[in-house]
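Going down the list, the protein sequences come from chains A and B.
1 is the number of the first residue of the first sequence in this note's numbering; add one for each residue after it.
1 is the number of the first residue of the second sequence in this note's numbering; add one for each residue after it.
It is worth saying that the hints were derived from the structure and are not from the lab.
Just so it is clear, the structure is predicted and the values come from calculations on it, not from any experiment.
Misleading hints may appear alongside valid ones.
Quick partial rundown of chain A residues pointing at chain B, CB under 7 angstroms, derived from the structure [to be verified]: (1) 247; (2) 255; (3) 286.
Stretches of chain B that chain A covers, calculated by requiring three or more beta carbons in the stretch to come under 8 angstroms of a beta carbon on chain A [unchecked claim]: (4) 12-22; (5) 94-106.
Chain A residues, not near chain B, derived (Cβ > 12 angstroms throughout) [stated by the list, open to error]: (6) 17; (7) 47; (8) 64; (9) 97; (10) 101; (11) 177; (12) 314; (13) 363.
Don't be surprised by glycine CBs; every beta carbon is placed ideally from N, CA and C.
If you want the building blocks of each chain, they are given just below.
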Amino acid sequence: MSLTARLLLLVLGLVALVLLGLGLYLGGAVAQWSLQAQDEELERRADAIAAAVKVERSGELELEDEAGEHEGGLPFRVETLEGVVLFQTGFDWPALGAERGAVTRQTRSGAELRIFSRPFVPEHAERLGDGQRELLLRVAAPTAALSALATRFRVGLAVALAAGLLLGGLGALVIARTFLAPVHRLSAEAATIEERSLSRRLTTVRLAPELGRLAGAFNAVLDRLEAAFGRQQQFVARASHSLRTPLASILAQAEVSLRRERSPEEYREALATIAQAAREAAALSTGLLALSRADASAAALQKEPVRLGELVEELRRLFGARLEAAGVALELDLDPSLVLAADRARLRELLEALLDNAITWTPRGGRVGVRSRVAGPEVELDVWDTGPGIPAEERPHLFERFFRGAAAAQHHAPGSGLGLAIVEAIAQAHGGSVAVADNPGGGAQLRVRLPA
Amino acid sequence: MRVLLAEDTPALAASLVQGLTEEGLTVDLSRDGEDALHQATEIPYDAIILDRMMPKLDGLTVLRRLRAQGRRTPVLLLTALGEVGDRVAGLDAGADDYLVKPFAFAELLARVRALLRREYGQTTNVVDLGPLQLDLGARVARVDGRPLELTAREFALLEVLALRPDTTWSRTALVERLYAEEIERDSNVIDVFVARLRKKLEAAGLPELIRTQRGAGYRFDAGSLGPGASR
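Given the sequences, and given the hints that come with them, work out the whole structure.
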């Protein structure tokens, strides 16, 4: 149900409840008050009449007052305490017993009467004889006027209820609209934000604090989204740039070579250049693929128990020729029983990238190594070398994609600037991390921590 | 014609230097922005081919600094970024043209030639000087329709002289136009080339086209080609 409908229903229900309750209470109260008022009036009449009744010497009753007043007024009658009627104004009296005070009775014709009865001592009561001194006075008034009042009150109440519901409903709608207007504005604004317009933000001025907080939170999400999107775009731009560079080399060398006849030696050189650039492009695509695999959610990992010693031995064979060509020795210091819950292929990529990096930067005659250590709930894997180490100012950027140190840029060292980014992505996907440190024996040391 | 190529990718730079040199251009190579800026400030190049992403100083910064120094040398910007915004940034920084990597070498060459033509007030590759015609694209000179057998270096010399007729070139200035920096300069080499060129022109019926200004250098005498030849 929409908020507007809910608010409307709530307001209408409350208005109806309040008006009905008020109506019932007031209806009861008004009935009681008017009855009281009538009873008081009856009592006053009774007092007046009682004061006006005299007993004649004959024992007859006489109203001292002008008779017209009583006849035109409320009907009354006087009787003995035994019920013998001594005097009564012409009226259709219902049957009455020994009632005192105010009672409601119906006449034979069905009209309702309010009858007040009280005993009184008339003037010259001694003339009544039989030792009786008290008489009973009854004053009556029709209740028709009262029930008409009650009916009018009920009609008024119904009208008030209808008006209340109408006004309440309209008020609820206005309130809903007023309260929801900023919400509508925000959702309209949010609807215009797309991939290409991520820099737009919701307007937070003139918003109630609650909505302001909501819009602020939404904007904060947009901030993070925009930053992530920007990084992604930058990455794609860098990737495309990095792929275009070797392609440009290949194309230029091929076209320049084809412009005229060349000696076999020149062709050989040109083809070597082309092959080298093609290798760069291929390495880059492999790196990009590895990176996108590593970026895929951690859920995509196929974890299995991996014996670290075995994996590193595999790599020793894989890098054997390269180590020999580079004149670099590989030293392993691994716990043979160490087993990691990891994605074997990814872990292998991680170690490959680290070893590749270490061998690249280690001069002939140097050493690279892999060391493992269990540290509490984690396994520390150190890949170290005896190369020049990593300058402090480059360390904060070391794991950025496409970051290449000044030395790499200057010497046009092979590499895409993706290796350590891949290492970090794989380590993080496994719930681990990677950090750079100095190798105690000189050179660089990269420490990967993985949950055991 | 002497151009500066500022490109940090070794393989690409080597291919471009080879290709451009074979097309009769004198090419200097810079491998980073600082060096490019330094060279471009020192030597009056006819055109500069500037890679956008370079170590030390990026291409755009080099370009802006050159323009800030008031140097109007035509610049062709090379970039691996092809987005519209990047092209605009390049042109705004004062580039005369823009080429996205990877590009066809023929296109690079055509664009460099276009920049050089503009620099020398030419609208086409064919320079018509009455009886003498120079096709700058095909690197062929003709006298009365007959091709003149010239070496690449001789053609380059004739090109420099013919494109600025009645301008006196010192030997040093000519060496600068025709030789890259690395090559040891000896201004006597110019005398040798001028002598060979004169001999060939004379054989084709155009004596006295290249005059010696005593103590100053050489001058292309457009007047000797007849009234129709002056541009």
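Status of each hint after checking the structure:
1. 247: 4 angstroms, holds
2. 255: 4 angstroms, holds
3. 286: Cβ of residue 286 of chain A sits 19 angstroms from chain B, so the hint is violated.
4. 12-22: Held - the region 12-22 of chain B has 7 residues with a Cβ nearer than 8 angstroms to chain A, which meets the minimum of three.
5. 94-106: Coverage by chain A holds for the region 94-106 of chain B (7 residues, Cβ < 8 angstroms).
6. 17: Label holds. Min Cβ-Cβ 64 angstroms, cutoff 12 angstroms.
7. 47: About 105 angstroms separates residue 47 of chain A from the closest Cβ of chain B, which puts it past 12 angstroms; holds.
8. 64: 116 angstroms, holds
9. 97: Label holds. Min Cβ-Cβ 109 angstroms, cutoff 12 angstroms.
10. 101: 101 angstroms, holds
11. 177: 44 angstroms, holds
12. 314: Given that every Cβ of chain B is farther than 12 angstroms from that of residue 314 of chain A, nearest at about 33 angstroms, it holds.
13. 363: 21 angstroms, holds
Violated hint for the displayed structure: number 3, the only one.
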